[in-house]
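A.B. asks: Given chain A, put chain B with the ligands in place with the hints provided.
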Amino acid sequence: MTRKPVDTGAPDRLYTVTNGRSSVDDTLDLVTLIVAECQPTTGMQSEHSRILTLCRHPTSVVEISAELELPITVVRILLADLLDTGRITARHPPVNPSLPDPALLKEVLHGLRNL
Amino acid sequence: MGSAISELPAHRTPLADAAETGLKIVVVGGFGVGKTTLVRSVSEIRPLNTEEVMTEAGVGIDETSGVAAKSTTTVAFDFGRISLNDTMVLYLFGAPGQKRFWFLWDRLFSGTLGAVVLVDTRRMDDSWYAIDRLEHHGTPFVVAVNRFDDDANHHSLDEIRQALALPDHVPMLDCDARVRQSGKDVLITLVDHVYTLATAQEATP
Ligand SMILES: Nc1nc2c(ncn2[C@@H]2O[C@H](COP(=O)(O)OP(=O)(O)O)[C@@H](O)[C@H]2O)c(=O)[nH]1
Ligand SMILES: [Mg+2]
Numbered sequence: 003m004t005r006k007p008v009d010t011g012a013p014d015r016l017y018t019v020t021n022g023r024s025s026v027d028d029t030l031d032l033v034t035l036i037v038a039e040c041q042p043t044t045g046m047q048s049e050h051s052r053i054l055t056l057c058r059h060p061t062s063v064v065e066i067s068a069e070l071e072l073p074i075t076v077v078r079i080l081l082a083d084l085l086d087t088g089r090i091t092a093r094h095p096p097v098n099p100s101l102p103d104p105a106l107l108k109e110v111l112h113g114l115r116n117l
Numbered sequence: 015m016g017s018a019i020s021e022l023p024a025h026r027t028p029l030a031d032a033a034e035t036g037l038k039i040v041v042v043g044g045f046g047v048g049k050t051t052l053v054r055s056v057s058e059i060r061p062l063n064t065e066e067v068m069t070e071a072g073v074g075i076d077e078t079s080g081v082a083a084k085s086t087t088t089v090a091f092d093f094g095r096i097s098l099n100d101t102m103v104l105y106l107f108g109a110p111g112q113k114r115f116w117f118l119w120d121r122l123f124s125g126t127l128g129a130v131v132l133v134d135t136r137r138m139d140d141s142w143y144a145i146d147r148l149e150h151h152g153t154p155f156v157v158a159v160n161r162f163d164d165d166a167n168h169h170s171l172d173e174i175r176q177a178l179a180l181p182d183h184v185p186m187l188d189c190d191a192r193v194r195q196s197g198k199d200v201l202i203t204l205v206d207h208v209y210t211l212a213t214a215q216e217a218t219p
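Residue numbers (our numbering), protein chains in the order written: chain A, 3 to 117; chain B, 15 to 219.
The following block holds chain A by itself, in its conformation from the complex:
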């Protein structure tokens, strides 16, 4: 797991939200889908409990960020905490060496044509 230093932006609140952590798990893509594996519990950090509530159904990292009104970077840090403790799981997008798999593209085309 690569952890890179990032800037979490506007100071105090973000510092509180992330417990002062400023490194992030780069493996969480914007479109990685997050699924809660447990219910929020009382006493849990409010952002964590909001994430668990949102992710009762699969929810992308970018949607979590929009819903919580927190920058992506901060959300990644929050998610890393939850992942580490097994309270969420992550469904990662396919990794394309260069171009996507033609079979996958065919499925995408089919989906778009049927909209």
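Note that these hints are calculated values from the structure, not bench results.
Think of the CB as a built atom: it goes at the ideal place given N, C-alpha and C, for glycine as much as any other residue.
Keep in mind that the hints are not guaranteed to be accurate.
Said to hold, decoys possible - Quick partial rundown of chain A residues pointing at chain B, CB under 7 Å, derived from the structure:
| # | residue |
| --- | --- |
| 1 | Leu35 |
| 2 | Leu54 |
| 3 | Thr75 |
C.D. replies: Just chain B with the ligands, lined up with the frame of chain A:
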């Protein structure tokens, strides 16, 4: 970033529980070219927006201290969502095409299926840099010309292709970002193009 968020309905439309594969396409273009309009017309949710804050390390070396200067940039972008089937969901990102945002792009939008360059013929200059960068990165893209009613001189696609020095293999099409079917056609043209490239690559040992 507040305004669009406050318009949101209180309830969200969740994805299907079987959803497992998130995919992305980026729509890039200058300010006011119709990116958000296009995203809205094809998205199953009202476009959401969010932001990313990043430190651009090593931009300009401070001559006196010899320490790499850091600058922090916030980039806001909006996005929409299309459930393609029970397991696949496509996210569309509307992203500003200006030069200063590109280092964020590289990180935020890596792994996209491809990009749509949205062009307004009244402000063609805005498209240059985006096209240049996409070519440089080898990201497949199509150019969609968003026709505005008040555009006095209607340039043909060929004229626009020449003006943008766009190679023949890059698909171009007209669109009306406000119309859902037109937005769908743009996406289909892009994915079709990527499919052609991907099958050609597969055929090459
Ligand atoms: N006449 C016309 N107006 C459009 C079209 N697409 C977008 N607009 C309008 O142009 C303005 C800017 O569009 P917007 O999607 O916000 O641009 P963005 O900055 O690229 O996201 C809005 O007022 C849209 O309603 C189009 O195809 N025709
Ligand atoms: Mg916009």
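A.B. asks: With reference to the structure, classify each hint as holding or not holding.
C.D. replies: Now the hints, each set against the structure:
1. Leu35: With a minimum Cβ separation of about 5 Å from chain B (threshold 7 Å), the hint on Leu35 (chain A) holds.
2. Leu54: Violated. Min distance 14 Å.
3. Thr75: At about 6 Å, which falls below the 7 Å cut-off, the nearest Cβ of chain B leaves the hint on Thr75 (chain A) intact, so it holds.
The structure fails hint 2 only (numbered hints given earlier).
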